[in-house]
Amino acid sequence: MGLTEQEQKQLDLARQGDDAAFFWIVETYQNLVARTIKGMIGNHQDADDLGQLVFVRFHKNLSNFRGDSSIGTYLCRIAINLCKNHIRKMIILRKLGFISESSETEIRGTQANIDLRERMRVALAELPLKAREILVLRYIQGFSMNEIAETLNIPLGTVLSRLARAEAKLKTIWLEKAEDYSVWKKENPSFSYTF
Amino acid sequence: MLTKLLAEYGESCTFRSGFSHRVLCKVKGEKNLSLSEGLAQFFPKLALASFVFSFLVWLSTLNFSLKFLPETALQSLASIAKFIPVQASAGAHQNTPDSLEAWHELYAETAPFTFTEP
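Chains A and B are the protein sequences, given in the same order.
For the record, in the first sequence the residue sitting at position 154 is 154 according to this note's numbering, with numbers rising by one throughout.
For the record, in the second sequence the residue sitting at position 3 is 3 according to this note's numbering, with numbers rising by one throughout.
Everything labelled a hint here was simulated from the structure, so no lab data went into it.
Any given hint could turn out to be false.
Label-pair distances were calculated between CB atoms; the ranges are [unchecked claim]:
hint	chain 1	residue 1	chain 2	residue 2	range
1	B	Ala47	A	Thr28	39 to 47 angstroms
2	A	Gly17	B	Arg16	24 to 32 angstroms
3	B	Gly18	A	Asp12	48 to 56 angstroms
4	B	Pro44	A	Asn64	38 to 46 angstroms
5	B	Ala47	A	Gly157	48 to 56 angstroms
25 angstroms max Cα-Cα, derived SDA-like pairs, lysine to any residue [stated by the list, open to error]:
hint	chain 1	residue 1	chain 2	residue 2
6	B	Lys4	A	Asn31
7	A	Lys84	B	Ser20
8	A	Lys171	B	Lys28
9	B	Lys4	A	Thr28
10	A	Lys169	B	Lys26
11	B	Lys26	A	Arg117
12	A	Lys95	A	Arg117
13	A	Lys89	B	Ala49
14	B	Lys28	A	Ala20
15	A	Lys95	A	Pro128
16	A	Lys84	A	Val122
Nothing here was measured: the structure is a model prediction, and the numbers come from that model.
Quick reminder that beta carbons are idealized off the backbone N, C-alpha and C, glycines included.
Take the sequences, apply the hints, and build the full model.
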C-alpha cells in the first residue's frame, strides 16, 4: 500500500516546507483522524487537541516517513497511540481523584431523545482498548484486514480473532444497554443486534 | 446493523470548523518559536529539574551517620551483617546479641575479620 501520485507530490512539497501542501494533507485526512480519535475517546473536548497533535507529530516526522504505508494508515497509527496514552492518563488521573468520574459512559440527553449514535459512543467507551481500536479501524474507518494489521503492527490472524472477540463484546454491551432503552425499542422493533 | 451504526457514528465524527488552519498555525508556531517562548514552554520541566537537583544537594549536605538511624533499623542491619562473622567463627550465632551494645561487643571481638576466597 504505497502512496498515490498526488499524495507523493504533496508530501514532497510539504517536506520542502510548502505550507499549502501540508494544508492539503490536513484537509484530506482530518476526517479520517477525527473518526479515529472520536471513536477511541468519544466526543471529548480533548479530541480536537489530540487531532492537532497528530498532525504536528506527522509534520515533525515528515523526513522519517518513507511512504511504505499510506498517509492515512500512518496518521491512524499516530492517532491510536496518542489516544491510548490519553486514555491511560485519564484513568490514572481519575484514580488519583484529580478528575471526576467518567462522563464517557453516561448517556447525554433524556431517554426519548437519545439517538443511536450517542448509544454507540457509550457502548464503545465501555469496550476495552484493544477491542475499541479494532472496531474503530474496521467499521468506522472501513479498513481492510491487511490495513488493520499494518496499522496495529499485529499478524493477520490476531486481527481476525481480536475482531471476533470485539464484535461479541460490543454486542453484549449493546444488548445490556438495550434493556434500558424501552422507548426506543418500541419505536424500532425490527432492529437486529448482529454484525 | 451494528456495523451500520458504527459507520454512522463515524460519519458524525468531525473536528470543529477551521481545524486545518489551527493545525497550520500550531505547526508554524512551533517552527518559529522564539527563545523566550521556547523557555516558557520548557519552564515547568526546568523548574522540576532544578527542584530535584536542589533536593539532592540538600540531601548530600546532611550528615548521614548511623546515629540518625533508629535502633531497630540498626539492629536489622546488624542481623544481616552478623551472618558473615557467624560463618567466620562457627558457633558464634549461638550468642546472638539481643541489644545494640551487645552486638557492638561481639562485633568488636570478630572485627579484624578477613574474608578468604573459597
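So, going through the hints one by one against the coordinates:
At roughly 40 angstroms, the beta carbons of B/Ala47 and A/Thr28 sit within the given window of 39 to 47 angstroms. At roughly 27 angstroms, the beta carbons of A/Gly17 and B/Arg16 sit within the given window of 24 to 32 angstroms. At about 27 angstroms, the CB distance of B/Gly18 to A/Asp12 disagrees with the hint of 48 to 56 angstroms. Range check, B/Pro44 to A/Asn64: Cβ separation about 28 angstroms, and the 38 to 46 angstroms hint is violated.
B/Ala47 and A/Gly157 have their C-beta atoms about 49 angstroms apart, which keeps the hinted 48 to 56 angstroms range intact. For the proposed pair B/Lys4 and A/Asn31, the alpha carbon gap of about 18 angstroms is at most 25 angstroms, so the pair holds. Straight-line distance between C-alpha atoms of A/Lys84 and B/Ser20 comes to about 23 angstroms, which keeps the hinted pair within the 25 angstroms bound. Annotation: proposed proximity of A/Lys171 to B/Lys28 is violated, straight-line Cα distance about 45 angstroms (limit 25 angstroms).
Of the supplied pair hints, the one linking B/Lys4 and A/Thr28 holds, its CA atoms being roughly 23 angstroms apart against a limit of 25 angstroms. For the suggested pair A/Lys169 and B/Lys26, the alpha carbons sit about 39 angstroms apart, so the restraint of at most 25 angstroms is broken. The hinted pair formed by B/Lys26 and A/Arg117 fails the criterion: a straight-line CA distance of about 31 angstroms is larger than 25 angstroms. Restraint check: the Cα-Cα separation between A/Lys95 and A/Arg117 comes to about 28 angstroms, which exceeds 25 angstroms; the hinted pair is violated.
Straight-line distance between C-alpha atoms of A/Lys89 and B/Ala49 comes to about 22 angstroms, which keeps the hinted pair within the 25 angstroms bound. A C-alpha spacing of about 12 angstroms is found between B/Lys28 and A/Ala20, which places the hinted pair at or below 25 angstroms, so the restraint holds. Distance check on the hinted pair: A/Lys95 and A/Pro128 sit about 17 angstroms apart at the alpha-carbon level, within 25 angstroms; holds. A hinted pair counts as satisfied when its Cα atoms are at most 25 angstroms apart, and A/Lys84 with A/Val122 qualifies at roughly 17 angstroms.
Against the hints set out earlier in the document, violations occur for numbers 3, 4, 8, 10, 11 and 12.
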